[in-house]
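*Asks:* Generate coordinates for the entire structure from the input sequences, incorporating the hints supplied.
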Amino acid sequence: MITLALVLAGGAATGCGGRATTHHKPGTSHEQASGTAGTLLDVADPAGHKLREVPADGAPEVRLVVRPDSEDGWNLQLAVKNFRFTPDSTGGAALTGAGHAHLELDGRKLARLYGPWFHLSAAQVPEGEHTLTVRLYADDHTAWAVSGKPVEATAALTAAPGASGGHGHGSAPPSAQPDPPASEQADRTVTITVRDGKVTPAPARTELRRGERVALRVTSDRADTLHVHGYDKEVALPAGQEATLTLTADRTGLFEVETHESRLVLTQLLVR
1 MITLALVLAG
11 GAATGCGGRA
21 TTHHKPGTSH
31 EQASGTAGTL
41 LDVADPAGHK
51 LREVPADGAP
61 EVRLVVRPDS
71 EDGWNLQLAV
81 KNFRFTPDST
91 GGAALTGAGH
101 AHLELDGRKL
111 ARLYGPWFHL
121 SAAQVPEGEH
131 TLTVRLYADD
141 HTAWAVSGKP
151 VEATAALTAA
161 PGASGGHGHG
171 SAPPSAQPDP
181 PASEQADRTV
191 TITVRDGKVT
201 PAPARTELRR
211 GERVALRVTS
221 DRADTLHVHG
231 YDKEVALPAG
241 QEATLTLTAD
251 RTGLFEVETH
261 ESRLVLTQLL
271 VR
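The numbering used here numbers the first residue of the sequence shown as 1 and each following residue consecutively.
These are computed hints drawn from the structure, not numbers from a lab.
A portion of the hints provided could be inaccurate.
As the list claims (entries may be wrong) - Straight-line alpha carbon distances no greater than 30 Å define the calculated DSBU-like cross-link-like pairs of lysine-lysine that follow:
1) LYS50 - LYS109
2) LYS109 - LYS198
3) LYS109 - LYS149
4) LYS149 - LYS198
5) LYS81 - LYS198
6) LYS149 - LYS81
*Replies:* Structure below.
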C-alpha cells in the first residue's frame, strides 16, 4: 500500500506574466503550455505532455542514482545539471532550466518530485524486475526536450520476493498496517472511494479553519493520482489500495481535490 503523508508548503497565487500560479483555472488542464522558453512541439512524451524543445547547449540534464535503503526500499537521487527545482512556481509559465520531475515505474507515474531526493518504499514495487524513469518538466507541465526527445533518465530495479512488506521488520500486510502518524494527528479526516467512475460520498465541500490539518484517505479501483489544486500536492493511487495525503491548510480559499487520469472531482477544500 502506498501511504504518503505530505505536509503542505506554499499555496495558491495568481499568475502575472512570468510569475507562477499553482491554481488551475476552471476548464483548463494540468498542462497550460505557457511561456516563451524554448519551442513548443506538436509531439508529446509517453505521459501525454507536450515537449518543449531547447538547444542541446545548456539544456537541462538528469541522472538517476538508486541506492538500497537500510530499512525499507530505496533512496533515489536526481543528479541534475542546468536545472533547478521550483515547487513554488508549479502551474505557472515555463521558465528556462526550472520545474519539477515525474517518477515512473514501468511507465506508470508514481509521484511528482520537487527536489533531488525521494524515498521509494518497497511496498510500492511489486516483486520482479522493473524500470524506473525520471523526466524533467517545466512549471507549465510541458516536458523539457532536446532533439525531439524528453530529458529523462532510467535505472533498472529488482524487487526481491517478500520485499514489499519491508526488510525484516515484521511488517504486517498492507491491509493490516496502521495509519501513518501524520494521519493520526490530523484535525479532519476525509475518506473517499472511487469505483466505476463514481465518487462516494458524492463530491461536496470540506470546510476547514486556516491552520487545520486534513487527511485525505482515498481508495480507487484503478491506478490514478490524487491531486490537490492550489497546494499542488499529489500522491499515487494504486488500484484497490488506500492512499493518504495529509496537509496543513495554511491558505484561505477554495481548492479542488481531484484525480489526474479519470479527472474526477473528489471534494473541495474550503479554507476560511
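*Asks:* It remains to establish, for every hint, whether it holds in the given structure.
*Replies:* Status of the hints after comparison with the structure:
| no. | hint | in the structure |
| --- | --- | --- |
| 1 | LYS50 - LYS109 | holds, 16 Å |
| 2 | LYS109 - LYS198 | holds, 22 Å |
| 3 | LYS109 - LYS149 | holds, 18 Å |
| 4 | LYS149 - LYS198 | violated, 37 Å |
| 5 | LYS81 - LYS198 | violated, 43 Å |
| 6 | LYS149 - LYS81 | holds, 17 Å |
The structure fails hints 4, 5 (numbered hints given earlier, in ascending order).
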